[in-house]
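Fit chains B and C to the known structure of chain A by using the hints.
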Amino acid sequence: MSYLPYAVAAWLFIVGLYGVISSRNLIHLVICVGVIQSSSYVLLLSIGYRAGRVAPIFADIPANTLAVDPIVQALMLTDIVVEVTVIALLLSLAVQIHKRHGTLNPDRLMKVSG
Amino acid sequence: MTRRVRKIFFLLSAAALVWVFFLAYSPLAPFGYVQSKYGDMVNAITVPERHITDAVTAVNFDVRGFDTLGEEFILFTSVMGVLLLMRRQKDEPAGDHEDKAADRMIPPASDAVRVTSLLLIAPTVLFGLYIVTHGQVTPGGGFQGGVILSTAPLLLYLCADYRPFRRAVPQRLIEASEAFGAAAYILIGGACVALGGLFLQNSLPLGQSGSLTSGGMVPFINLGVGLEVSGGLSLALLVYLEELLEEKEQ
Amino acid sequence: MSETILQAGILIFVAAGGTAVVFNREPLSQAMVVSFYGLLLGIMFFVFQAPDVGLSQIVVGAVALPLMILLVLARVKKQGRKSD
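Residue numbers (numbering that gives the first Met the number 0), protein chains in the order written: chain A, 0 to 113; chain B, 0 to 249; chain C, 0 to 83.
Simulated from the structure, these hints should not be mistaken for lab results.
Hints may be right or wrong, so weigh each one.
Okay, derived cross-link-like pairs now, DSSO-like style, lysine-lysine, Cα gap no bigger than 30 Å in a straight line [claimed, not checked]:
(1) Lys110/A <-> Lys98/A
(2) Lys110/A <-> Lys77/C
(3) Lys77/C <-> Lys98/A
(4) Lys76/C <-> Lys110/A
(5) Lys36/B <-> Lys98/A
(6) Lys6/B <-> Lys110/A
Predicted, not measured: the structure shown is a model, and the values here were computed from it.
Looking at chain A on its own, in the form it has when it is part of the complex (with noise of 0.2 Å):
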């Protein structure tokens, strides 16, 4: 357990990566690099988290129960509603292509354009 979670965000990072390089189709590849990105919450939680402690929320409990490190618990959730926005940005770009090529394979496009 002591080094789990380390080994999942690496895993998700590489098999993120591979979805990008072997994808077919444009729209598979934004949502692979929206598993990339997951495996940054994965590593941030598993830095922060503290053997035994509770969430920092102390609004029922005595100001000075020891908790979680709430610094990366911050970053992770500005970065949650910020990657959907880019999610959205990256998906109209891929409906302007389709558009433009009528295609959503990159293999594809690389012989329209080249």
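Coordinates of chains B and C only, in the frame set by chain A:
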């Protein structure tokens, strides 16, 4: 580059990546025992010095409020990009506009769907507002609440047809609220300067911990971010829907 | 102890979910798998004491993202039918 070459290239770089990951992770302490002073420091000051009971919100909108301003503008710019790209381009082939399958029917939504989504609209808006305004007390805040709020127009689409839906949704108002939400962040920073502090230095009265008005400027920033996120996401979803359905309606 | 098993379990589920998303080549079913993967990530955040992030991930990953993918797929499909 052929697929074969590309795959060999991938295998080489994946091997290099595994090596880099190994180098980077092996000096880290085992999971659950990584040490960092800053997290504990923030946890120690958030209630006594800021009167905010959610440390994550305290980090986002107070301790590193300036960074979040930058992140919010990434969101703003991406939404602008979506709007620009999805708009009909000038040099687009004209024949593209006519729909050769114009006679096909989109199956109408069943009454059960209509009634359920109508009933869900008010609770969704209420829940979104609750999440936005209680960001400094419990988990939540402008980012999460904004996404929840942006689903309300879609529920409206599910219970009405496209045309009535377009008439009911004030797109100009959504655009204006998105812009206002983005500007509010900077205006709040300016207000802090006017009150004698630095830009985005929390210089408003801090209020009672755990109450709706605690945390000084944080609830106001949360409201602004909520407006910006809900406006931005619903605009993006609106142009996607518009692209999909407008031509059929002509 | 039970917490450790829960965390290890959800991590393995997340790894499997990410793999499933990548190896699912059919975009329509991929949108469904992405929604499920978003839910898994959300549960992972809750298990690792990050309720704030979990909330954010659930609304984004299980609702907004799959919805966008579906809308774009419908748009592209409609276009494809025309150009045939």
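Each hint tested on the structure:
no., hint, result
1, Lys110/A <-> Lys98/A, "holds (16 Å)"
2, Lys110/A <-> Lys77/C, "holds (24 Å)"
3, Lys77/C <-> Lys98/A, "holds (11 Å)"
4, Lys76/C <-> Lys110/A, "holds (22 Å)"
5, Lys36/B <-> Lys98/A, "violated (52 Å)"
6, Lys6/B <-> Lys110/A, "holds (19 Å)"
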